[in-house]
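Undergrad: Taken in order, these protein sequences are the chains called A and B.
Position 167 of the first sequence, counting from 1, maps to 167 under this note's numbering, and the rest follow consecutively.
Position 5 of the second sequence, counting from 1, maps to 5 under this note's numbering, and the rest follow consecutively.
In case anyone wonders, no lab produced these hints; they're calculated from the structure.
Note that the Cβ used here is the ideal one computed from N, Cα and C, for glycine as well.
Be a bit skeptical, because a hint or two may be false.
[To be verified] The calculated lysine to aspartate or glutamate pairs, modelled on DMTMM-like cross-linking and capped at a C-alpha distance of 20 Å, are:
| no. | chain 1 | residue 1 | chain 2 | residue 2 |
| --- | --- | --- | --- | --- |
| 1 | A | K117 | A | D301 |
| 2 | A | K23 | B | E191 |
| 3 | A | K23 | B | D81 |
| 4 | A | K23 | B | E192 |
| 5 | B | K56 | B | D81 |
| 6 | B | K56 | A | E140 |
| 7 | A | K117 | A | D205 |
[Said to hold, decoys possible] Here are some of the chain B residues that sit facing chain A, going by a computed Cβ distance under 8 Å:
| no. | residue |
| --- | --- |
| 8 | M49 |
| 9 | F66 |
| 10 | I97 |
| 11 | L110 |
| 12 | I141 |
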Amino acid sequence: MEQPVLADHPGGVTRRPRPRLGKALAPYLLSLPAGLWLLVLFLVPLVVMLSLSLQSCNTATGACVMTWHWGEFGQQLSLYHAQFITSFYFAGAATILDLIVSFPIAYWIAFHGGSKKNFFLLMLLVPFFVSFVIRTVVWEFILSDQGIILGTLKNAHLLPQNFHVLATGYAVVAGLAYNYLPFTALPLYVAIERIDKRVLDAAYDLYATRRQAFLRVILPLTVPGLFAAFLLTFVPALGDYLNQQILGGTSNTMIGTVIQNSFLVNLDYAGGSALSAVLLAIALVGIFAYARLLGSRTIEDYI
Amino acid sequence: MSAVVTAPASAETGQARRGAPRRRRWTRFVLPAYSWLIIAYLVFPIAVMIAYSFNKVTTGLPQVSFAWNGFTTQWYQQWKDIPQLTSAFWLSIRLAIVATLFATVLGTLLALALVRYRPPRFRGRGLVEQIMFLNIAAPEIVLGASLLGLFVTINVARGFVTLLLAHVAFSIAYVTVTVRARMAGFDRTLEEAAADLGANAWVTFRKITFPLIMPGILAGALMAFALSIDDFVTSNFVSGSAVPFPVWVYGATRIGIPPQVFVFGSAIFAVGILCALTSIVVARKQT
C-alpha cells in the first residue's frame with residue numbers, strides 16, 4: 001500500500017549515506033538497555049555480595065560496616081562444610097540419576113520420535129507447567145507415610161508400618177531428580193538429534209556392531225550435550241533448598257537453606273554473602289571448564 | 001527417518017539390510033516402553049495434584065490432608081475464598097506481564113545487536129556473551145541473595161519494584177538466546193531489497209525485519225513469562241511485602257496447604273498445556 005510514497009520520499013531511491021555516528025553507535029545503542037540492566041542488577045550485586053562478605057554485620061539491625069574481615073570465609077566454611085558436602089552428595093546423586101534415566105528417552109525421541117517429536121518434547125517439559133513449589137509439595141504428598149505409594153504398600157503388608165521416605169536423603173534426591181529431569185533430558189536430546197544419521201550408517205557400512213556404533217560414534221558425539229546437561233542440572237540442584245526443606249525434614253540441611261536463613265532469618269548478611277560467594281566459586285569452576293572446553297556460546301544451543 | 005537415507009525403496013523395516021542388524025528388538029519394544037514409563041513418571045505428580053484438588057477436607061482447617069477423604073468440587077466453587085492466595089496469584093500475573101514486556105524488549109534489542117554486528121564494529125560483544133552465559137549458568141540462589149544484598153545495602157524497600165527488577169534481570173539472557181536462535185536463518189538480503197526499493201531504516205524494520213523475527217520474539221516472551229510466573233528462589237529473597245504466588249505457597253507449606261492451591265495449580269497447568277498443544281497443532285498445519 002505504501003509503495004507510492006517513494007516519489008515524495010526525499011532521497012528515497014538513491015541510497016542516501018546515513019549519518020555515520022548513528023550507524024557506528026547502532027550495536028552499542030541496541031545493547032545498552034539490556035547491558036545496563038545486567039550491569040546494575042547482575043554484576044553490581046555480585047560485587048556488593050563480595051564486599052558484604054568482608055563486612056561485619058550487626059545481626060540485630062542488619063547494619064554492616066566494612067572491616068576487611070577475610071576470616072569470615074574460614075569461619076563460615078568451618079561451620080557449614082558439612083552442609084556443602086551434603087549438597088554435593090544430593091545434587092550429584094540426582095544429576096547422575098537424571099543422566100542415566102533421561103539418556104534412553106532422549107535417544108528414542110531423537111532417533112525414533114518421527115512426526116510426534118514435538119509432542120514427546122512437550123511431555124518432557126510437562127513438569128514445568130506446574131509451579132516448582134507445587135510440584136515439590138505434591139511429592140511430599142506422594143511420598144508421605146500413608147500416601148498413595150507407601151500407604152498402599154503398607155496396607156498390602158509389603159512394607160513395615162514404620163517405614164518412611166520423607167525426611168530422609170532419599171526423598172530429597174527423588175525430589176531433585178524429578179524437578180531437574182527436563183534440564184538433563186533436553187540438552188541430551190539436542191545433542192543426539194544433531195548427530196548426522198549418515199555417520200551412523202557409515203559406521204554400520206563399515207561393519208560396526210550396534211555396541212561399537214553406540215560407544216564409538218553416538219556417545220563421543222553427545223559428550224558436549226552430556227557436559228551441558230550435567231552443568232544445567234548439577235549447578236541449580238547444588239543451590240536448591242526447597243526440596244530439602246519440604247522433603248528432607250530438619251536433618252540433611254543443604255547449603256541453600258543455610259544461605260536462606262542467613263539472609264532472611266538471622267540477618268547475617270556477611271555470613272550469607274560469604275557462603276554464596278563460595279557456592280558461586282564452585283559453580284564457576286564448572287562454568288569455566290565448560291567455556292574453555294566447548295565455548296560459552298554453545299550452552300545456548302541447549303537451553 | 002534413517003530409513004529414508006538407508007533404504008528408500010524398501011518400505012518394510014525388516015528389509016533395510018544396511019541398517020543395524022538387530023535394530024528392531026530395542027527400538028520396537030524396549031525403548032518405547034521405557035520412554036512411555038518415563039513420561040508417566042513425569043505426568044504422575046500432576047495427576048496427583050489434580051486429584052488432590054478434589055479431595056474432601058474432614059477437619060475444620062482448610063488444609064489438604066495426605067489421606068483421601070472423598071470427591072468434592074467444593075474447592076473449585078470456593079477458589080477465591082483465601083484472599084491472600086488470590087491476591088498473591090494476581091500479583092504473580094501482573095508481575096509476569098510487566099517483567100515479560102521489559103525483558104522481551106531489552107532482550108530482543110540485544111539479540112539484534114549480537115546477530116548483526118561483529119567485533120570490529122561491536123567491541124565488547126564477546127564480553128556481553130560471557131556475561132549472558134554466566135547469568136544463565138550461575139546458581140539462582142546466588143543471584144537472589146546478591147540482589148537482596150544490593151537492596152539492603154542501598155536501603156531499598158522490597159516489594160513489587162524489586163521483584164520486577166529481579167525478574168527482568170534473570171529473563172533478559174533467556175529472551176536474547178531464544179530470539180537469536182530464531183534469527184539465525186534470517187535472510188539479510190530481504191532487508192537490502194527493501195532498502196534498494198527505497199524503504200528507509202524504520203520502514204524496513206517495521207515491514208520486513210519485525211514480521212520475520214516475530215515468532216522468535218513471541219517464543220522469547222513466552223519463555224520470560226514462564227520463568228517469571230514460576231520463579232521461587234529469587235522472589236523469595238526480594239519479595240518483602242509483595243508476596244507472589246510461589247512464595248505464598250512456600251509459606252503455606254509450614255502450616256498446611258489449603259486445597260485452593262491445587263485448584264490454582266490445576267488451572268495454570270490446564271491453560272499452559274492448552275497453549276502448548278495449540279502451538280504444536282498450528283505448527284504442524286503450517287508445515
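Undergrad: Hint F66 of chain B vs chain A: min CB-CB distance below 8 Å?
TA: This interface hint holds because 4 Å falls under the 8 Å limit.
Undergrad: Given I97 of chain B was flagged as interface, is its beta-carbon under 8 Å from a beta-carbon of chain A?
TA: violated (17 Å)
Undergrad: For the hint on L110 of chain B, does the least C-beta distance to chain A fall short of 8 Å?
TA: Because about 4 Å separates L110 of chain B from the closest Cβ in chain A, which is inside the 8 Å limit, the hint holds.
Undergrad: For a C-alpha distance cap of 20 Å, please report whether K56 of chain B and D81 of chain B respect it.
TA: holds (16 Å)
Undergrad: Just to be careful, I want the Cα atoms of K117 of chain A and D205 of chain A compared with a cutoff of 20 Å; is the pair within it?
TA: violated (27 Å)
Undergrad: The hint names I141 of chain B as touching chain A; please verify it with the least Cβ-Cβ distance against 8 Å.
TA: holds (4 Å)
Undergrad: Could you grab the alpha-carbon distance between K23 of chain A and E192 of chain B and see if it respects the 20 Å cut-off?
TA: holds (16 Å)
Undergrad: With the threshold set at 20 Å, check whether the alpha-carbon distance from K56 of chain B to E140 of chain A stays at or below it.
TA: holds (18 Å)
Undergrad: Between K23 of chain A and D81 of chain B, does the CA-CA distance stay at or below 20 Å?
TA: violated (57 Å)
Undergrad: Straight-line Cα separation of K23 of chain A and E191 of chain B no greater than 20 Å?
TA: Holds: K23 of chain A and E191 of chain B sit about 16 Å apart, inside 20 Å.
Undergrad: Per the CB criterion, is M49 of chain B less than 8 Å away from chain A?
TA: Where the cut-off is 8 Å and the nearest Cβ of chain A is about 5 Å from M49 of chain B, the hint holds.
Undergrad: Given the hinted pair K117 of chain A and D301 of chain A, is their alpha-carbon gap at most 20 Å?
TA: Holds. K117 of chain A to D301 of chain A sits at ~18 Å (cutoff 20 Å).
The structure shown violates the earlier hints numbered 3, 7, 10.
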